[in-house]
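Quick mapping for you: the protein sequence lines, in order, are chains A and B. Residue numbers for the first sequence follow our numbering, so the first one is 2 and each next one is one higher. Residue numbers for the second sequence follow our numbering, so the first one is 2 and each next one is one higher.
Treat the hints with caution; some may be incorrect.
For chains that are exact copies, the list does not tell them apart, and a pair is met inside one copy or across any two.
To be verified - Straight-line alpha carbon distances no greater than 25 Å define the calculated SDA-like cross-link-like pairs of lysine to any residue that follow: (1) Lys67 <-> Gln55; (2) Lys232 <-> Pro50; (3) Lys178 <-> Glu168; (4) Lys178 <-> Val340; (5) Lys173 <-> Pro159; (6) Lys72 <-> Lys91.
Please keep in mind that the hints were generated in silico from the structure rather than gathered at the bench.
There are 2 protein chains.
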Amino acid sequence: MKIIILGGDGFCGWPTSLHLSKRGHEILILDNLSRRKIDDELGTNSLTPIVSIQERIKVWNTLNPKPITFKKIDIAQDYQALEALIKNYKPDAIVHFAEQRSAPYSMKNTVTKTYTVNNNVQATHNLLVAITQSKLDIHLVHLGTMGVYGYGWTGANPIPEGYVNVELITRKGKLKKEILHPANPGSVYHLTKTLDQLMFGFYTKNDQLRITDLHQGIVWGTQTKETKLDKRLINRFDYDGDYGTVLNRFLMQAAIKHPLTIYGKGLQTRAFIHINNTVKCIEIAIQNPPKRGERTSIFNQVTETQRLIDLAKMIQKRTNAKIQYLENPRREDAQNDLVVDNTRFLELGLNPTTLNEGLMEEVSEIAFKYADRVQLDTIYPSSKWNN
Amino acid sequence: MKIIILGGDGFCGWPTSLHLSKRGHEILILDNLSRRKIDDELGTNSLTPIVSIQERIKVWNTLNPKPITFKKIDIAQDYQALEALIKNYKPDAIVHFAEQRSAPYSMKNTVTKTYTVNNNVQATHNLLVAITQSKLDIHLVHLGTMGVYGYGWTGANPIPEGYVNVELITRKGKLKKEILHPANPGSVYHLTKTLDQLMFGFYTKNDQLRITDLHQGIVWGTQTKETKLDKRLINRFDYDGDYGTVLNRFLMQAAIKHPLTIYGKGLQTRAFIHINNTVKCIEIAIQNPPKRGERTSIFNQVTETQRLIDLAKMIQKRTNAKIQYLENPRREDAQNDLVVDNTRFLELGLNPTTLNEGLMEEVSEIAFKYADRVQLDTIYPSSKWNN
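Throw the hints in and build the complete structure from the sequences for me.
Structure below.
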C-alpha cells in the first residue's frame, strides 16, 4: 500500500513509519518538524539522542529495500500543497499524527492555547477537505485520545469504543439511539480531539470518507523492533513537565535518583499502551478500514489501566526510587475508576505488552543509559490549568 | 451595561447594536467587515441599500444620546488586539455574531470550506481565551443555530433547549444523565457551531466562564423599530443563492415576478424567527445570564416552524407568484417533522411576531420597494453539497 504518515517525525509517527515500511508499504512522511521546534522553544530535549529526520531516513533506507521519502510541509497552514501532494501521491491510506499533543503545553498560556486549537483543527479539517477534493478512496486513520470520554464521567464502565447506546427521554416516550459517547475533555489539547470527532462525523456523512479514529491511552516505552536496528534510528523519549507523559517522567526521575513526582494523591486511573502495540494497532487499523458510507470506525487503543500511585510503586520496586507528592496543576477528579473496552483490537490479534513485562527494559536500556542527558530544570510541571 | 457586539455590522448584529443602544447600553462594535467583502467577492449585494458602518453609526449617534463606537478588527486573526480591547473596555457582556454564517457559502469550494472552519473556530476560541485571560466576569452571548441538532434526527420532538435526558445503557445497567443534545450538522457552517458548543463546554467547566448559546432559527424580516428611524440605518437584506435565506429569497423572487424556487419538494420543515424578535431575545439573554460555574445556558431562539412549501404558498397568496421546483443542492432529508421547545424565551416575556402578521410589510416595504436593485444572476443556488 501507499501510505502517507502525517507527523512521521514524532514519538508515535516515527516508529509507525518504520514498522509499516518494514512490512513492505511505500511510506511518505509529511511533517513540519514542530515537535523539534517546540523543544527549542521550551529548552527541553529528548532523553534519547535523536538525529535529524533526513539522517534517520537515510539510515533506514540503507537497511530496508523500500525507501521512505520525506517532505517538510505544514498541513495546517498550506492547504494547497497538501491537496497537490495527495493528488500526486495517490495514497491508499493516510495516518494522521500531525497535531500538538501535549495537554500541559496546550494549557500553558494564551499563545499555546490558541496555537493548539488553530493548528489541530486546521490540520484535520484541511486534510478532510483535501481528501474529499482528491476524489480518491483514501482511508484516513487518526490518532485520537481516551481523553475525549473524560474519565469515568458518564459512569459507563467499561468505556465503550466510541459509541454508546442510550434511551432518549422525550415527551412521547423513550427512543433508543446509538450516539457518539458524550465528550468531556480535560484540557485544550483533549478538546481539539473532540472537535476532530465532530468533523469526522460530518465528512463521513456528507462525503462518505472512510475514517478510523483511534482513542489512544498514554503511550509508554521507547523502542520498537525497527528503531533498535541502528542507534541513529532511536525513538524520542520525552521526560519534561510538558511533553513527558507520566511513566516516562517517573523512569527518568528514578534514573537520576530524583523522587517520582505524583500530582495529587495519584489515585487517578489512566489507560496505557506500549509503543510496540501502538505501531501494531495502526497496522491492524489500516488492514481493517470501514466501508465507504459507514460512520467513523472507533477503536480504543489501550492495553491496560493503572492508578498513577501503583505505577510509581511498580517503578519504585525496580529502582528503590522515593515518591514525592506535588499539588496537582490540572483540574481533574482526584480519584476515578477506569475500565476500557478494547475488544476490537484484541479480536483482530493485538498481543499486549504489559507494564510488568516491559518496564525493566525501559529502566535499564533507556532511562539509566541516557540519564546524563537530563536537564533537571525541566522536570517539574510548568503549566497550570487555572493560571 | 457596557456591551461589545462582535460582528455588529451584519444582518443580526447591526439591529441588535441599535436596539441595545436605544435601551441605554454603552455599545462598542467590533467587526472585520467581512460580510461586505464577501458581497464584493461573490458579486452580490444587499437588496436594501446600506451605507458604510461609519456613516450608519454617525447617523445613529445624532439620534441617540448614548453613542455607539466602532473598531475594525479581525478577532480570528488578531488575538492580541482582541485581548487588549477587552481588558481596556471592560465589558459586562459580549455578543458574538462574528462568524461566517452561510451554509451554501461554506460548501462552495475548498477555499470557503477551510475559511469557514478556520475563521469561526479561531474567532470563538480566541474570544474564550481572551475572556479567560482578562479575569473579568464577562457574560458571553453567542449566536448558535438550530442546525446543531440536525432536523428531527434523534426523533426527539419537540427538540429540547440544548440538553437532553438520556439513559445510558451500560453493562452494569442503566444510568440517567443529562447530556448536550447529540450534534448532527448539515453543512460545514453548521459543523462550526457544533464545535463552538464543545469549546463552550470546556471553558465553562475549566474557567467558569458565563456563556449563553442561542440556537437560532432562520431569521426573516429586515427592519426593527430602530433601523426604521432613518433610511441610512436600514438593515441589509440578502437574497442571493448563498446568503439569502429561504424566505427572503422567496420575497425577492415574488417582487420581480420570478417563480419561488423550492429545493426538492419543499417538505423540509424549518424554524423561523423575525429580526424584531432576535434583537429582543438577545436583550433578554443579556438580562438573564447563567451564574458563574454553571454549564452553558442554551435557548432555542425560534418562534415558529413551517414547511418550505407552506411558506411559498403563504407568499403566493399575497403576491400571486408561481412556484418552481429545483433539484436540491443540499444533502438533507427530503421531508422532516420539526417541533421546537422555546419555553425559555416565552417565559421571559418574548412576544412572537408571526409570519402571518409580518409578511405583508416585508413584501411591500422591502421586496417590492427595492426590486430594481436585484441582480438576477445571483438568484439560483451556486453551491452544491456534493461538488
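Hint by hint, here is what the structure shows:
no., hint, verdict
1, Lys67 <-> Gln55, "within (16 Å within a copy, 63 Å between copies)"
2, Lys232 <-> Pro50, "within (9 Å within a copy, 71 Å between copies)"
3, Lys178 <-> Glu168, "both (6 Å within a copy, 10 Å between copies)"
4, Lys178 <-> Val340, "both (23 Å within a copy, 19 Å between copies)"
5, Lys173 <-> Pro159, "between (30 Å within a copy, 9 Å between copies)"
6, Lys72 <-> Lys91, "within (15 Å within a copy, 47 Å between copies)"
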